[in-house]
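Below are the chains, spelled out letter by letter.
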Amino acid sequence: MGKAHEVRSTGEKIARILIWVLLFVIAALTIFPVLYVVFGSLKENKELLRGGAVIFPQGRWAFDNYAKAWQQANFARYTANSLFISFGVMIISLINSSMAGYAFARRPTKFKEALYLVFVGFMFINVGSVSLRPLYELAVGVKMNTSLISVILISAGGAQATYIFLCRGFVASLPKELDEAATIDGCGFFRILLFIIVPSIKSAMIVVGLLKFIELWNDLLQQVTYITRRDRYTLALGLNIFRGSFNDDWSSIMCATCLSFIPGIVFYLIGHRYPPQGIVMTGMKN
Amino acid sequence: MSTVKMNRPALSGKEKARQNWLNGATPSTLMLIPAIFFLLVCSVYPFLWVFRYVLCNYNGFNSTFTGMANIQRMLIDTTFWNSVGTTFEYALYKLVFIIPLALLMAVLLNMRLAGSSLFRAVYFMPTIIASSISGMIFMFIFATKNGILNGISRSLGLLNGPPTPWLTDPSIVMIAVTVLAIWGGFGNYMLYFINGINGISEDVYESAKIDGASGVRTFFSITLPMLAPVLKVILMLAITGAFKDYEAIMVLTQGGPGNRTMVMFLYIYNTIFATANGGQAQIGYGALLSVMAAIIVGAVTGVYMMVSKELDDVMYGGGQSGKSS
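So the protein sequences, as listed, match chains Y and S.
The opening position of the first sequence corresponds to residue 6 in our numbering, with each subsequent residue numbered one higher.
The opening position of the second sequence corresponds to residue 186 in our numbering, with each subsequent residue numbered one higher.
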């Protein structure tokens, strides 16, 4: 920021160059595995099986790998399922966390305070993967275990507390006069939420939406547990099963891996302007 | 609607409901219904369910009460206690490398050299890749026969003999697991540190510069002390996060070779779902181990909070503990 006019000594210049080299080396090490997969997806399968250190394809650039993975290996279907689950959870989480965040931030009652403590408590109790089992049995019990809806509901409910607290923090930072003015204009509680609050906490909504989407897109454990039918497989799950069953078709695996990067990159491009300190400080907005 | 409501000591039930609706008491409670539903189904119910089977032998079809058998088994289950040890070992390696690296990168990026925002994007990139996918990528890298790392060392002349069995030699497999953990995680903590540093006022740096403080001096006298509250939160997240990591390890090594990389939660997962060993699910026993694991993580968190409070008292004389940036 405005440091261009400073006069620097030779020593400082050398230090800055060395630091830049360090940054560059670490960046190169970090991105190498990703580049290897991206260009690996364009290698022919026999070249991939040989392995080795070369990033770029030595023989033909096999762009048809993607067509093969998309159609034969059924990754089109898996991608559609992944999108369905991720969007479903995102929408439910946005509705749920904005409503609950608003309700917790305004009109405090004894009941809400007690409820809030329960939410905080369960945020810290973590029994890990064992809780996957009762929910699986519950899904079987209500005959929803073949539907992706059960995955969506369980995933939306599983980690809701963090996002509710985030929204609550943002709503609490808005002046109460905003609500009061809307009430005088004849707005009901639901209309205030929809037309006044949600637009005002847009950045929190974007953070919640992006995080939820990417969480579900990248999730494997829940999907491994709940999804048993082959035509309901998601990208992550399909990739995991595929890797186990046709071990030698590495080019399809690499292509599917590259597909799985795309939402993450979009997420970064949109999301990096919304700093995550809100999440670290559980929704303390300055 | 036309009745006079003023000066009436007690409203009729219907009137009261109407008033609660208008002033927002009822709607704001209604808005909590989805959250309460999710809380009951996804948090409370599994929690109670776990305790129902803690003392049972349950394979997914029928359960029998077995009294203290599960507890006795846990006490002598060396695989479990070794996995607890491995979890601590893994968390230690991860924290020792990842926190200093993330802090260093945050400070260096803050110098705003050319290309800083691109570097930042690159460092953050592994964070948005699924841990199951990164586990798989590192399988390609560390594979013995046609792995990328062995290929590189060979072409650099570092490897002349047989290829290094990164994932199958118990004495070096933790290196592979740790490298994966660092690669996948440091960008996230770096971003937290960058936000913390941005919260420090520019004026402080200006005056340090006027006083002639060097970059290193500025870091130790200003950045680090002023980051202390943020650092505390980040360490807390890093510790609890490291204890819960297992998805990537599950894909990379499946806990092997010979349970060398078996972390606590991976062992529990295998017990409950019996996927890795093809055996029968032991849900009751897994439930007990889960409770034990939750206690261990809780204890570690508690110890950390006590230690960090002690440190606060030493540093600030207790006056400023709990102050956030």
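Everything labelled a hint here was simulated from the structure, so no lab data went into it.
The C-beta atom is built at its ideal place from N, Cα and C for all residues, glycine as well.
Among the hints, erroneous ones may be present.
Pairs of lysine-lysine residues, derived as PhoX-like cross-links and limited to a Cα-Cα distance of at most 25 Å, are as follows [unchecked claim]:
1. S:Lys-494 with S:Lys-417
2. Y:Lys-117 with S:Lys-199
3. S:Lys-429 with S:Lys-417
4. Y:Lys-117 with S:Lys-201
5. Y:Lys-18 with S:Lys-394
6. Y:Lys-207 with Y:Lys-181
7. Y:Lys-117 with Y:Lys-181
8. Y:Lys-115 with S:Lys-417
9. S:Lys-417 with Y:Lys-51
10. S:Lys-201 with Y:Lys-115
11. Y:Lys-181 with Y:Lys-115
12. Y:Lys-51 with Y:Lys-73
13. S:Lys-429 with S:Lys-494
Label-pair distances were calculated between CB atoms; the ranges are [unchecked claim]:
14. S:Arg-339 with Y:Ala-177: 53 to 61 Å
15. Y:Phe-89 with S:Val-488: 37 to 45 Å
16. S:Ser-197 with Y:Ile-154: 40 to 48 Å
17. S:Phe-250 with Y:Gly-193: 49 to 57 Å
18. Y:Val-271 with S:Tyr-489: 43 to 51 Å
19. Y:Leu-183 with S:Ser-197: 26 to 34 Å
message: Could you work out which of the previously given hints the structure breaks and list their numbers from low to high?
response: 8, 9, 18
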